[in-house]
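The chain contents come next:
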Amino acid sequence: MSATRADVERQLADVVRIEGGRILAVLAASTRDLQLAEDAVQDASVAAIEVWTRTGIPSNPTGWLYVAARRKAIDVIRRESTRDQREAASGTTLREPDREVPAESVIRDDVLRLVFTCCHPSLALDARVALALRTLCGLSTAEVARALLVSEPTMAKRLVRTKQKIARAAIPYHIPDGRELGARLAGVHAVVHLVYTSGHHAAGDEVVRVDLCEEAVRLARLLVDLVPSEAGSEALLALLLLTDARRPARLADDGSLVPLEDQDRRRWHRAAVDEGVALLRRSLDRSDGVADPYQLQAAIAACHSTAPSFAATDWREIVRLYGILADVHPNPIVDLNAAVALAEVDGPAAALDALDRVDASARSHLWQAGRGEMLLRLGRGVDAAEVFSAALADAPTDAERRHLRTRLDAARAAPAPES
Amino acid sequence: MPQYAALTYTPDVDWSAPEQAEEMADYGRFGTEHAEHIRGGQVLFPTTTATVVRVRGGRGGEVVTSDGPYAETKEVLSGFYLLEATDLDEAVKLAAEIPAAWNGAVEVRPVIPL
Chain X
2 MSATRADVER
12 QLADVVRIEG
22 GRILAVLAAS
32 TRDLQLAEDA
42 VQDASVAAIE
52 VWTRTGIPSN
62 PTGWLYVAAR
72 RKAIDVIRRE
82 STRDQREAAS
92 GTTLREPDRE
102 VPAESVIRDD
112 VLRLVFTCCH
122 PSLALDARVA
132 LALRTLCGLS
142 TAEVARALLV
152 SEPTMAKRLV
162 RTKQKIARAA
172 IPYHIPDGRE
182 LGARLAGVHA
192 VVHLVYTSGH
202 HAAGDEVVRV
212 DLCEEAVRLA
222 RLLVDLVPSE
232 AGSEALLALL
242 LLTDARRPAR
252 LADDGSLVPL
262 EDQDRRRWHR
272 AAVDEGVALL
282 RRSLDRSDGV
292 ADPYQLQAAI
302 AACHSTAPSF
312 AATDWREIVR
322 LYGILADVHP
332 NPIVDLNAAV
342 ALAEVDGPAA
352 ALDALDRVDA
362 SARSHLWQAG
372 RGEMLLRLGR
382 GVDAAEVFSA
392 ALADAPTDAE
402 RRHLRTRLDA
412 ARAAPAPES
Chain F
10 MPQYAALTYT
20 PDVDWSAPEQ
30 AEEMADYGRF
40 GTEHAEHIRG
50 GQVLFPTTTA
60 TVVRVRGGRG
70 GEVVTSDGPY
80 AETKEVLSGF
90 YLLEATDLDE
100 AVKLAAEIPA
110 AWNGAVEVRP
120 VIPL
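In the order they appear, the protein sequences are chains X and F.
Be aware that the first sequence starts at 2, since it is given in our numbering, and climbs by one per residue.
Be aware that the second sequence starts at 10, since it is given in our numbering, and climbs by one per residue.
Some clues are possibly wrong.
30 Å max Cα-Cα, derived DSS-like pairs, lysine-lysine [what the hints assert, rightly or not]: (1) F:K83 to X:K166; (2) F:K102 to F:K83; (3) F:K102 to X:K166.
Because the hints were derived from the structure by calculation, they are not lab data.
With the sequences and hints as input, model every part of the structure.
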């Protein structure tokens with residue numbers, strides 16, 4: 002039985018990507034050296050391609066990869082005599098004779114340890130996002146660089162510096178206990194949410210991009226799985242699922258952004274909506290009615306994603322939820338979204354007023370676009386055209402520019418006011 | 010076990026003056042309570058007593074001293090501890106007990122093992 006090289010590489014890529022992160026976590030926890038663990042997994046993957054091309058893929062590829070990576074790690078530790086301190090620290094795990102993959106419960110705990118290490122609050126937020134993508138999602142440095150829009154050498158440097166800080170400052174590989182767990186989990190949630198929004202806002206760019214939205218959903222799912230019964234993690238996963246469910250309808254065939262109002266709701270991902278709603282319900286039950294920002298955002302997303310049409314959406318409930326969200330989590334972006342929603346309850350004039358009160362820091366192209374819509378609905382085509390032009394000049398993605406060009410045309414075509 | 014320098018940043022006051030006695034007592038308490046982790050440390054006189062030394066042109070060059078290029082900042086380096094801790098989380102917990110962290114800041118930096 003001989004597998005073709007392409008087959009082997011594809012299957013290996015899958016195994017490395019899904020299981021590599023778990024193997025990495027086990028090695029990092031036992032060696033307390035992320036760089037070493039990463040190099041070992043990398044070396045083992047290269048060896049696997051070589052061997053498996055000749056022998057075929059073994060029955061337990063994960064175990065094979067684990068044993069190989071572990072041997073590589075031991076080799077490196079032995080070779081570098083200056084590392085005697087670390088060898089002592091790496092404990093008995095690595096010195097035990099070769100054996101199969103550690104028990105599932107051990108792997109799960111090590112993965113969670115790695116989650117908390119990569120998302121440690123003493124690391125800069127952008128460094129945490131990059132490291133999470135590299136180690137927890139198993140993306141290559143090149144892929145992380147592309148996804149976060151920096152050059153590969155810059156990303157490589159950032160990752161090295163981050164791993165160096167973990168090693169030099171002795172950032173621990175451990176699961177925070179009781180009182181600390183909640184606060185540290187919130188930090189992890191922020192990283193996962195940022196991974197998602199990075200992907201979401203980039204949607205439609207012509208550059209081939211790694212699917213950060215999918216990675217974020219995967220990470221959020223991992224958290225729900227590893228730390229069960231956490232209202233915050235459930236709310237985050239609910240929010241991502243409910244938002245992501247609408248993704249298939251977000252872009253038109255020509256790559257332009259389709260506003261919620263015009264989206265073909267039949268293309269929304271029904272199963273994701275259902276799962277998101279169920280998770281949100283569970284999360285709310287758990288937190289006894291005290292809503293946190295992710296729960297509120299998920300509840301707003303649920304209103305949209307379960308509405309049969311734009312007109313039949315429960316806009317009053319959405320405006321009410323935005324009101325609570327603005328109280329518990331004051332944020333100009335929230336004010337911007339709340340103002341746009343207000344149009345469906347109190348009309349475009351009230352929405353325009355609310356938009357004009359939004360803090361200067363949130364006056365992005367989205368703010369301009371929102372004002373353009375309100376002006377257009379108020380029959381002020383000339384003013385609308387002006388702000389759509391401004392929005393068009395600032396819009397960062399092609400999808401948004403395409404959409405805004407259509408709106409600008411609509412504004413220009415709008416009949417002049419009678420008086 | 011890793012060692013960390015905990016550098017305290019506080020208002021630029023004279024820690025030897027009687028007005029600081031109360032806060033110095035807080036530092037004293039920190040010292041007693043966490044003695045097992047403390048490998049050293051000192052408090053510094055205010056920056057008005059500082060002398061900045063530079064040697065122009067590198068080693069053997071002209072020694073130039075000045076009273077320091079201090080910009081008017083609210084918080085200045087006012088002292089340090091050398092702490093021993095199992096990891097950064099423990100070092101951060103210790104740093105949070107240093108009075109400087111309560112109304113100033115403590116910078117925790119790992120020490121290069123030599």
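- [ ] Would you check the hint for K102 of chain F and K83 of chain F, treating anything up to 30 Å between C-alpha atoms as holding?
- [x] 24 Å, holds
Task: Pairwise hint evaluation, K166 of chain X against K102 of chain F, where the allowed Cα distance is 30 Å at most - done: OK: K102 of chain F and K166 of chain X at ~18 Å, within 30 Å.
Task: Given hint K166 of chain X paired with K83 of chain F - CA-CA distance at most 30 Å - done: Holds: K83 of chain F and K166 of chain X sit about 28 Å apart, inside 30 Å.
Comparing the model with each earlier hint shows no violations; every hint is respected.
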